[in-house]
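What follows is the residue order along each chain.
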Amino acid sequence: MLRPRIIPCLLVSNGGLVKTVGFREPKYVGDPINAVKIFNEKETDELIVLDIDSTSSGAEPDFKRIGHLAAECRMPLCYGGGVKTAEQAKRIVALGVEKVAVSSAAIETPQLLARMAGEVGSQSVVVIIDLRKRGPVWEVWTHNGTRRAGKTMEQVVAESASLGAGEIVVNSIDQDGRMKGYDLALATHTRRLTTLPLTILGGAGSLEDIERLIEACGVVGAAAGSLFVFKGAYRAVLINYPSQERRDEIIRRSLRLPG
Amino acid sequence: MITIVDYGVGNIQAFLNVYHRLNIVARAVSRPDELRDAEKVILPGVGDFDHAMRELERSGMRPVLDGLVLERRVSVLGVCVGMQLLARSSQEGSLPGLGWIPGEVRSFRSTDAAKSLAVPHMGWNDVRPARTTGLFDQLADSRFYFLHSYYFHCDRREDTSATSSYGAEFASAVSAENIHGVQFHPEKSHHWGVRLLQNFAAL
Numbered sequence: 001m002l003r004p005r006i007i008p009c010l011l012v013s014n015g016g017l018v019k020t021v022g023f024r025e026p027k028y029v030g031d032p033i034n035a036v037k038i039f040n041e042k043e044t045d046e047l048i049v050l051d052i053d054s055t056s057s058g059a060e061p062d063f064k065r066i067g068h069l070a071a072e073c074r075m076p077l078c079y080g081g082g083v084k085t086a087e088q089a090k091r092i093v094a095l096g097v098e099k100v101a102v103s104s105a106a107i108e109t110p111q112l113l114a115r116m117a118g119e120v121g122s123q124s125v126v127v128i129i130d131l132r133k134r135g136p137v138w139e140v141w142t143h144n145g146t147r148r149a150g151k152t153m154e155q156v157v158a159e160s161a162s163l164g165a166g167e168i169v170v171n172s173i174d175q176d177g178r179m180k181g182y183d184l185a186l187a188t189h190t191r192r193l194t195t196l197p198l199t200i201l202g203g204a205g206s207l208e209d210i211e212r213l214i215e216a217c218g219v220v221g222a223a224a225g226s227l228f229v230f231k232g233a234y235r236a237v238l239i240n241y242p243s244q245e246r247r248d249e250i251i252r253r254s255l256r257l258p259g
Numbered sequence: 260m261i262t263i264v265d266y267g268v269g270n271i272q273a274f275l276n277v278y279h280r281l282n283i284v285a286r287a288v289s290r291p292d293e294l295r296d297a298e299k300v301i302l303p304g305v306g307d308f309d310h311a312m313r314e315l316e317r318s319g320m321r322p323v324l325d326g327l328v329l330e331r332r333v334s335v336l337g338v339c340v341g342m343q344l345l346a347r348s349s350q351e352g353s354l355p356g357l358g359w360i361p362g363e364v365r366s367f368r369s370t371d372a373a374k375s376l377a378v379p380h381m382g383w384n385d386v387r388p389a390r391t392t393g394l395f396d397q398l399a400d401s402r403f404y405f406l407h408s409y410y411f412h413c414d415r416r417e418d419t420s421a422t423s424s425y426g427a428e429f430a431s432a433v434s435a436e437n438i439h440g441v442q443f444h445p446e447k448s449h450h451w452g453v454r455l456l457q458n459f460a461a462l
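Which chain is which? The protein sequence lines are A and B, in order.
Residue numbers for the first sequence follow my numbering, so the first one is 1 and each next one is one higher.
Residue numbers for the second sequence follow my numbering, so the first one is 260 and each next one is one higher.
Hints are computed from structural coordinates only; laboratory data are not their basis.
Built from N, CA and C at the ideal position, the CB exists for glycine as well.
Listing some non-contacts, in silico: residues in chain B with all C-beta distances to chain A over 12 Å:
(1) 286
(2) 292
(3) 317
(4) 322
(5) 330
(6) 331
(7) 332
(8) 333
(9) 353
(10) 363
(11) 396
(12) 415
(13) 419
(14) 435
(15) 436
(16) 437
Derived Cβ-Cβ restraints for the label pairs, each shown as a range:
(17) B/370 - A/43: 32 to 40 Å
(18) A/28 - B/370: 45 to 53 Å
(19) B/428 - A/234: 46 to 54 Å
(20) A/180 - B/424: 30 to 38 Å
(21) A/233 - B/313: 51 to 59 Å
(22) B/436 - A/185: 50 to 58 Å
(23) A/87 - B/390: 43 to 51 Å
(24) B/313 - A/114: 14 to 22 Å
(25) A/136 - B/424: 37 to 45 Å
(26) B/436 - A/252: 37 to 45 Å
(27) B/361 - A/28: 53 to 61 Å
(28) A/185 - B/361: 47 to 55 Å
Chain A regions said to be covered by chain B (calculated; three or more residues, Cβ under 8 Å):
(29) 2-14
(30) 64-75
(31) 85-96
(32) 107-121
(33) 193-207
Okay, chain A solo, but in the shape it has when bound (with noise of 0.2 Å):
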């Protein structure tokens, strides 16, 4: 059976692994090098890696790390940040990615991701989606949350699909870091625009919260950041993971499958 995956998505931001609320506050919270390793050691379902600083300094993205990254990274692993062209995601997916996420510069120009999948495959393209909320309906931003992109969730999420995305990632910049539970309403209605891999990030606060989205959308991604780097109320720094026995229990009963 394929399992609903539980993955932890790490920010970097000028080289140290960092953690925002509401796409705000930029907590250090150590080396993204370090926490690779403890995910390995946890055998960790995938790993998404967004560099925070690339697309609103409108740097390329950093190969050389990325590389690094690439190179301590034993499960799957999804990197976004400042990823404009078809050749940068070719040459990122060379040094050992699996999937490259694209977020602003996909929303602006839809055509890079027909030329993104000619270049490596659909299944390594991946289209994250930032969301708040105003009334109704759910705004899409660019730019790290600073930019309105002028265009619909529903119209980003079919341009997606039609022209050859692997996988949506929506992340709610309203849940962003405040641990509280995913926006659930958000997840299922995603849910039902598209059959394309479906991955759903921000606020995450709990196993529970993991079980719920299970249990509200079936097989999905469910990613959380805070989760699986504090610890607590006072939000001590402690990267944790659940083991695969709870991870089974988790996608057993939030899918009430027989024991």
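Since the structure of chain A is already known, use the hints to place chain B on it.
Just chain B now, with coordinates in the frame of chain A:
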């Protein structure tokens, strides 16, 4: 010694890392003359079928590979698209494959029942080996990481060496004598993958 064919397609470094940790000598080669004396060959691959086939031809290593595998009967392991290249053709493209194992590569979307299936098949799935010897020694109860939209359909049932379920049952591994292929990524499948790559080295 394990030789990994580096034709610009696939995650070479991840294989080297696994073998390094296992203390098994492995090297990546990108020229025909380096490949000639290979004892055991891994053919990786990701992305588009035609692109992979074209790059393999362009590397100049195809004739040497044919000689190694078909005449000298060196063991070869195709991984992901590297496995799909073992077939004679793919619905993904128009170029012929290597044709080493009779079969064709089909799309998960090719049946009506699969219209609602999330494609690509992405994530961790169970792999049920036909026999727990050789490549699947000690891997009776195993799971591996998959990332693909097409699968291998064998002409001969006996060439399917492991199956997995996604919509329907499909061949997650194929084997015919010295030629093996796995659809999943052992290089990124934690202890299960390490075991499989170790088993391949011991064949």
